[in-house]
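For reference, the chains in residue letters:
Number of protein chains: 2
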Amino acid sequence: MNEGKKISLSLGSGGKISFDFVKKEIISRFSNPILDSLGDGANILNNLVVTTDNFTVHPEFFDGGNIGILSFCGMVNDLASMASKPMYMTMGLVIEEGYDYKKLLKIIDDIKNLADNFDVKLICGDTKVVEKGKMEGIHISITGIGLRMTDYSLPVKNYKNGDKIILTGTLGEHTISVLKAKGAIEFDGVINSDVAPLCGVIENLIKEGVRPKFIRDVTRGGFSAVLNELSYIGNIEILIDEEKIPVNDSVKAICDIYGYDIYSLACEGRMVIVVEDEEAEKAVSVLKDFEVSKGSSVVGEILSNDRQLVVLKTMYGGKTILDMPLGEILPRIC
Amino acid sequence: MNEGKKISLSLGSGGKISFDFVKKEIISRFSNPILDSLGDGANILNNLVVTTDNFTVHPEFFDGGNIGILSFCGMVNDLASMASKPMYMTMGLVIEEGYDYKKLLKIIDDIKNLADNFDVKLICGDTKVVEKGKMEGIHISITGIGLRMTDYSLPVKNYKNGDKIILTGTLGEHTISVLKAKGAIEFDGVINSDVAPLCGVIENLIKEGVRPKFIRDVTRGGFSAVLNELSYIGNIEILIDEEKIPVNDSVKAICDIYGYDIYSLACEGRMVIVVEDEEAEKAVSVLKDFEVSKGSSVVGEILSNDRQLVVLKTMYGGKTILDMPLGEILPRIC
Numbered sequence: 546m547n548e549g550k551k552i553s554l555s556l557g558s559g560g561k562i563s564f565d566f567v568k569k570e571i572i573s574r575f576s577n578p579i580l581d582s583l584g585d586g587a588n589i590l591n592n593l594v595v596t597t598d599n600f601t602v603h604p605e606f607f608d609g610g611n612i613g614i615l616s617f618c619g620m621v622n623d624l625a626s627m628a629s630k631p632m633y634m635t636m637g638l639v640i641e642e643g644y645d646y647k648k649l650l651k652i653i654d655d656i657k658n659l660a661d662n663f664d665v666k667l668i669c670g671d672t673k674v675v676e677k678g679k680m681e682g683i684h685i686s687i688t689g690i691g692l693r694m695t696d697y698s699l700p701v702k703n704y705k706n707g708d709k710i711i712l713t714g715t716l717g718e719h720t721i722s723v724l725k726a727k728g729a730i731e732f733d734g735v736i737n738s739d740v741a742p743l744c745g746v747i748e749n750l751i752k753e754g755v756r757p758k759f760i761r762d763v764t765r766g767g768f769s770a771v772l773n774e775l776s777y778i779g780n781i782e783i784l785i786d787e788e789k790i791p792v793n794d795s796v797k798a799i800c801d802i803y804g805y806d807i808y809s810l811a812c813e814g815r816m817v818i819v820v821e822d823e824e825a826e827k828a829v830s831v832l833k834d835f836e837v838s839k840g841s842s843v844v845g846e847i848l849s850n851d852r853q854l855v856v857l858k859t860m861y862g863g864k865t866i867l868d869m870p871l872g873e874i875l876p877r878i879c
Numbered sequence: 546m547n548e549g550k551k552i553s554l555s556l557g558s559g560g561k562i563s564f565d566f567v568k569k570e571i572i573s574r575f576s577n578p579i580l581d582s583l584g585d586g587a588n589i590l591n592n593l594v595v596t597t598d599n600f601t602v603h604p605e606f607f608d609g610g611n612i613g614i615l616s617f618c619g620m621v622n623d624l625a626s627m628a629s630k631p632m633y634m635t636m637g638l639v640i641e642e643g644y645d646y647k648k649l650l651k652i653i654d655d656i657k658n659l660a661d662n663f664d665v666k667l668i669c670g671d672t673k674v675v676e677k678g679k680m681e682g683i684h685i686s687i688t689g690i691g692l693r694m695t696d697y698s699l700p701v702k703n704y705k706n707g708d709k710i711i712l713t714g715t716l717g718e719h720t721i722s723v724l725k726a727k728g729a730i731e732f733d734g735v736i737n738s739d740v741a742p743l744c745g746v747i748e749n750l751i752k753e754g755v756r757p758k759f760i761r762d763v764t765r766g767g768f769s770a771v772l773n774e775l776s777y778i779g780n781i782e783i784l785i786d787e788e789k790i791p792v793n794d795s796v797k798a799i800c801d802i803y804g805y806d807i808y809s810l811a812c813e814g815r816m817v818i819v820v821e822d823e824e825a826e827k828a829v830s831v832l833k834d835f836e837v838s839k840g841s842s843v844v845g846e847i848l849s850n851d852r853q854l855v856v857l858k859t860m861y862g863g864k865t866i867l868d869m870p871l872g873e874i875l876p877r878i879c
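Chains S and L, in that order, give the protein sequences.
If you read the first sequence in our numbering, its first letter stands for residue 546, the second for the next number, and so on.
If you read the second sequence in our numbering, its first letter stands for residue 546, the second for the next number, and so on.
Just so you know, the hints here were simulated from the structure itself, not pulled from any lab data.
There's no promise every hint is true.
As the list makes no split between identical chains, a pair holds if one copy fits it or if it spans any two.
[Unchecked claim] List time: in silico DSS-like cross-link candidates among lysine-lysine, alpha-carbon distance up to 27 Å:
1. K702 <-> K752
2. K679 <-> K651
3. K679 <-> K648
4. K702 <-> K666
Being a predicted model, the structure only gives us computed values, none of them experimental.
Turn these sequences into a full structure, and let the hints guide you.
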């Protein structure tokens with residue numbers, strides 16, 4: 546029935562057409578008492594963790610995901626990085642006039658299904674439409690609110706010699722998938738984005754008694770950026786063993802061909818987790834129980850010596866410094 | 546020192562340049578313990594009200610305001626509409642590559658100054674940069690979290706005959722100001738946008754013992770949309786007395802020339818407030834004490850007869866129906 550229907554400026558006008566759209570396509574899907582009250586804001590209770598993100602990836606659909614899945618996963622992964630369980634979300638849509646209606650519904654449905662799976666309630670939102678040609682496709686802003694599961698805040702500041710660094714899987718699939726969708730690179734076969742919600746995994750890890758000191762999802766800036774942020778926050782030296790890093794051979798081959806640094810490629814379903822030495826084995830074992838983190842491995846450790854440095858011990862036995870990526874070398878991938 | 550400097554893609558990359566930018570231009574300005582902890586999310590406490598909005602107005606600067614002021618005021622006005630006191634905010638910036646650095650700082654500064662004035666803490670944010678030509682200027686997404694000041698939630702559902710409808714000032718200045726900035730209309734002189742934060746006004750109203758049944762800021766869809774939403778929520782008939790509506794003569798003249806319906810023009814600093822008959826006089830008196838709401842007036846009343854209808858008694862004594870505006874008749878104004 547919605548075949549060929551286009552998003553019009555009216556849809557974001559605040560008038561009847563947008564009011565009806567919100568009732569029909571948003572509220573009926575995400576229905577819950579807070580959303581249904583039709584207020585300008587939403588009453589919720591409790592002590593909590595808040596995160597926000599904007600998603601502007603183009604094209605909006607790529608192998609293994611789309612901007613809606615990305616938005617939800619980005620939000621819950623950020624909350625998980627704060628050791629919190631996602632409870633509520635807000636959603637802002639900025640849509641180009643003329644955008645395909647069915648594509649929009651697909652995006653909204655995917656968010657809704659993930660929200661249902663993880664029992665996250667949409668509590669308020671906003672929809673704007675921008676004149677054709679004045680933006681490209683759709684942007685999504687999302688704010689998440691979660692309840693902290695630990696009795697301390699992440700990231701901690703104090704690390705000690707021998708704390709272990711865990712990476713939950715291979716690197717770079719998301720970026721490669723989006724670059725292919727953009728037509729920026731070509732290869733045979735399919736590499737699916739790694740985009741995935743990791744909040745369930747982290748919740749389980751904490752329930753099992755692991756006390757993480759640092760959790761961070763590997764997004765823009767890649768593995769290098771996360772490690773450098775950790776080094777900055779803890780004022781510590783980090784040693785990474787390249788041999789231990791899980792590798793997707795297809796991604797590796799593409800990086801070799803195109804000259805990409807795999808350590809600065811964004812993922813959307815991978816975490817870096819720091820735990821004390823004695824908890825590392827248990828943590829990896831819990832993580833491996835989940836499909837989305839079955840590739841988990843200890844990839845390095847902390848040398849707590851008041852020097853901010855990330856050192857990579859290469860496959861060939863040499864050592865090199867992993868710097869913070871300087872700036873954007875790739876187009877929008879989230 | 547920032548003269549001529551342009552926003553680059555690097556600024557939103559998640560790499561060093563963006564990390565430095567955020568530290569230098571965002572965190573140093575909005576500094577507070579929660580923001581300074583550098584987490585992916587923010588720990589906050591308490592029972593609360595949440596609101597979110599995206600702002601895409603173009604041009605970003607217009608007589609009487611800019612997109613930053615608009616974002617902050619929109620957020621606190623939404624929270625005030627829920628009878629809550631703004632406490633925390635998140636801020637997402639999506640910026641076109643090549644955007645003027647000084648303009649960006651002006652926008653951020655204006656938000657920061659308002660946040661300081663109303664003691665609202667920025668607790669997390671996100672910055673993305675989009676390729677030149679793939680969007681226009683800057684978009685801002687903002688989520689606000691506030692503490693409810695009443696022992697009941699707004700809007701209430703039950704209204705009674707004689708409940709009074711208050712409008713806090715003249716209509717349409719914001720839309721006219723933006724249309725002029727767009728070059729869509731021309732006139733001599735200056736009409737400043739009405740954009741203003743009304744949270745302090747509402748806080749005072751409630752402190753003075755008034756128990757509002759409905760509060761809504763007049764934004765997209767204008768006065769007509771707010772009244773029709775009220776009529777829908779309460780399942781009630783509303784009678785508005787046109788003679789009582791505060792008028793800006795310049796705006797009225799421009800509407801007459803260009804054929805705009807003043808009742809569907811967006812404001813960004815006006816509220817519709819419903820109170821019981823016996824509280825109306827006191828409410829107007831409290832509102833008039835503030836510069837931003839000194840034009841407050843009782844403009845109508847509720848006829849609680851299970852019929853959703855908004856009736857306007859015109860200047861000439863006739864009656865006409867104020868419908869929900871159908872869709873966007875005007876370009877982006879927020």
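Each hint, compared with the structure:
no. : hint          : result
1   : K702 <-> K752 : within (22 Å within a copy, 42 Å between copies)
2   : K679 <-> K651 : both (23 Å within a copy, 23 Å between copies)
3   : K679 <-> K648 : both (19 Å within a copy, 19 Å between copies)
4   : K702 <-> K666 : between (32 Å within a copy, 23 Å between copies)
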